Amino acid sequence: IRHGHISTLHIWWARRPLAACRAVLCAALWPDPADSLCPPEFRETARNLMKKWAKDHLVILRGESHADFIKYQKNSSLLDDNLELRKALLNFIADFSNWDNSTNEFFLFTSRELTQSAHEGLGGITGTKPIVVDPFAGGGSIPLEALRIGADAFASDLNPVAVLLNKVVLEYIPKYGQKLADEVRIWGEWIKKEAEKELAEFYPKDPDGATPIAYLWARTITCEGPGCGTEVPLMKSLWLAKKSSKSVALKIIPDIENKRVNFEIIQDVTSRDVKDGTVKRGSATCPCCGYTTPVASVRKQLKARKGGANDARLFCVVTTKPGQQGRFYRLSRESDIEAVRKAKSELERRKIEYKGSLNLVPDEPTPAGGGSGAGRAFSQRYYGMEQFEDLFTSRQLLALTTLADFVQNMDCSGGLQPIPTRDILVDKAVRTLLALAIDKQADLGNSLCAWEPVAQCPRHLFGRQAIPITWDFAEGVPLTDSSGSWSIQIERMEHILNAMGSNWNIGQANIASANKHPLPDDSNQCFFTDPPYYDAIPYSDLSDFFMVWLKRTVGDMHRDLFTSLLSPKDEECIVDEIKGKDNTYFEITMAKAMAEGRRILEPNGVGIVVFAHKSTSGWEAQLQAMIDAGWVITASWPIDTECSSRLRAMDSAALASSIHLICRPRENPDGELRTDVIGDWRDVLQELPVRIHEWMPRLASEGIVGADAIFACLGPALEVF
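Under the numbering used here, residues 630 to 1350 are what the sequence shown spells out, in order.
Calculated from the structure, these hints are not laboratory results. Note that the structure is a prediction, hence the values are computed from the model and not measured. Note that CB positions come from ideal geometry on N, CA and C, so glycine has one too. Wrong hints could be hidden among the right ones.
What the hints assert, rightly or not - Lysine-lysine pairs mimicking DSSO-like chemistry, simulated, CA-CA at most 30 Å apart:
| # | residue 1 | residue 2 |
| --- | --- | --- |
| 1 | Lys888 | Lys973 |
| 2 | Lys888 | Lys904 |
| 3 | Lys700 | Lys822 |
| 4 | Lys822 | Lys880 |
| 5 | Lys1198 | Lys1221 |
| 6 | Lys834 | Lys684 |
| 7 | Lys822 | Lys834 |
| 8 | Lys804 | Lys826 |
| 9 | Lys932 | Lys826 |
| 10 | Lys822 | Lys872 |
| 11 | Lys822 | Lys1198 |
What the hints assert, rightly or not - Label-pair ranges, simulated between beta-carbon atoms:
| # | residue 1 | residue 2 | range |
| --- | --- | --- | --- |
| 12 | Asp685 | Pro1149 | 40 to 48 Å |
| 13 | Asp1257 | Asp685 | 23 to 31 Å |
| 14 | Leu987 | Ala1128 | 17 to 25 Å |
| 15 | Ile699 | Arg910 | 56 to 64 Å |
| 16 | Asp1199 | Thr1245 | 45 to 53 Å |
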């Protein structure tokens, strides 16, 4: 699901699926009516609501639960049985987790009534709401779903980019609603018109009226074959369009005399007609002499030219034509190159004249790569891209800095303001959302974006959790209405603001370290988090790509977030050898975060920790940290959360499910830690096989097999412990 999902607001890595978060939160905050300790008032509320659901709202249900609710509709007295009421609530949760029901007012009303009744029935002050805390909030899925079902949410993260995303979702969207979407559209259109005045000359139309929408480039090296010296374009593939209805490719024509290669565009081709590119595993083969320059030499040549984006070879231009559908391909012309030269000259002029507190272009250092751990995600430094400006061509930087300048100064437009009567309170939210659009523009407008021949558009940089080298790249045109353009970013931004709704409480997002949480003792009812896993994802290094732009667009408005050169890394909970952070550091830091989670949770509160590490040693360390921090683990539930086609799953042993560990503070009612309840090994060993044999058939029946099943058994095992 893409359109209307919070993931389309801005990229964040390994964001939790909303359906899983919603289901888990409902199940965590609502007591089981079949439990003898369930508050009677909650049972009564749940029974009345489920009877009402079967009577009034059955028509909107789909799926397996439909038959059960028909049964309740015909005989509502069935719900007087507490086990049947439990089944009805679980069916309701399953249906509510369906994406199509995310904004359905009947589901929202019912879930919020249940959440409120449960909170007050379990001792909460009348009129208050349960507080859900996520100290590793990341992309904001957990706190958003907490607000959706009627709880309050406190989201925090050490990363400024994550906090800003959470502010948008948890604070700005519910506060301003439709007005926010309207003003984003109005200001976005104004920025496009103003930017066109400054940038149109650098993206000229063709003499026949065709409009370029993408320029295809290849980095180059000089062939090191004996006596050769040919300029070799580095190209992974020669395909331009690869659809059943249209197939277009390039043919390389060696020009030995001039020590270069030329190209020919060929139409209606098959795979047999299209030769391999010039690059394999980082080594480049010369089309003229056949010599293969090794990867070490390729890196050395490109490193001397800061990645080689600004002296790359323009080999093709993709256009659209008035009154004709589809994409059209032509070879580059001198006029195309001249426009690039003009853009480079204009950027240099602006850099000299710029008077801001930061440099016009992002000159902050890119992440250091190499070694094991998180550093392996960053290979760009091998090729000389040591500053973020090196990831872009001069024309891309000119376009991005122009758009960023209008976002930063949209309230100083010299009488050209598109909104005559302005709400100053909304300005901060609007500028922040437009800054997120700049980030998305940068993600699609850099020299590491490959051309996608099936969709016939540029791919964005973060197709995976890394900054990898791309030999041949696609430069989109921000002024068009095609993929990679500013218009598309604004259109999608407006769409998501309209589609996701805003009918939830206003939450709170703060910047804070998980092991130094700002909330006081025993201050919330639910601790629910998806913590980082060792070296799985280098969040801070990845987010720096966006932070350097956010500082230049809204850094003045969010001074509490953007106080440092790059995102904070000293306290980040991660394994990264380059930063001197090993497994022991990670485990100690995670133990502190788990102890803080228990400290701020009420003694009778519920904790949920999502874990998906594929090594037993990783699990052992996480579970030991939780036990040492004063938690008792009461259950674990595997939820199938991972897309089978995601890049990391294609050729790896990545788990298909995330294990949700359910836990309680191991405390007395006064908050004092209990130390006398850890099981004796002989007793555990006696009971453990019985529990696991009860658990395994259910896992098998629900498709949880292999490593997923093994790790899913840890919860029941620890419940015994």
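Evaluation of the provided hints:
At roughly 26 Å between alpha-carbon atoms, Lys888 and Lys973 fall within 30 Å of each other, so this suggested pair holds. The hinted pair formed by Lys888 and Lys904 meets the criterion: a straight-line CA distance of about 20 Å does not exceed 30 Å. A hinted pair counts as satisfied when its Cα atoms are at most 30 Å apart, and Lys700 with Lys822 does not qualify at roughly 59 Å. About 39 Å separates the Cα atoms of Lys822 and Lys880, which puts this hinted pair outside 30 Å; it is violated.
Among the hinted pairs, Lys1198 with Lys1221 is consistent with the structure: their alpha-carbon atoms are about 17 Å apart, no more than 30 Å. Taken as a hint, the Lys834 and Lys684 pair is broken in the structure, with Cα atoms around 62 Å apart against an allowance of 30 Å. Of the supplied pair hints, the one linking Lys822 and Lys834 holds, its CA atoms being roughly 17 Å apart against a limit of 30 Å. Between the alpha carbons of Lys804 and Lys826 the distance comes to roughly 34 Å, so the proposed pair goes past 30 Å and is violated.
The suggested pairing of Lys932 with Lys826 is violated, with an alpha-carbon distance near 36 Å, which exceeds 30 Å. A distance of roughly 34 Å separates the Cα atoms of Lys822 and Lys872; the hinted pair therefore is violated under the 30 Å criterion. At roughly 39 Å between alpha-carbon atoms, Lys822 and Lys1198 are farther apart than 30 Å, so this suggested pair is violated. The hinted window of 40 to 48 Å between Asp685 and Pro1149 holds, with their beta carbons roughly 42 Å apart.
Here the CB-CB span from Asp1257 to Asp685 is close to 50 Å, at odds with the stated 23 to 31 Å. Under the hint 17 to 25 Å, the C-beta atoms of Leu987 and Ala1128, about 35 Å apart, miss the expected range. Distance hint check: the CB atoms of Ile699 and Arg910 are about 60 Å apart, consistent with the given range 56 to 64 Å. About 30 Å separates the C-beta atoms of Asp1199 and Thr1245, a value inconsistent with the hinted range of 45 to 53 Å.
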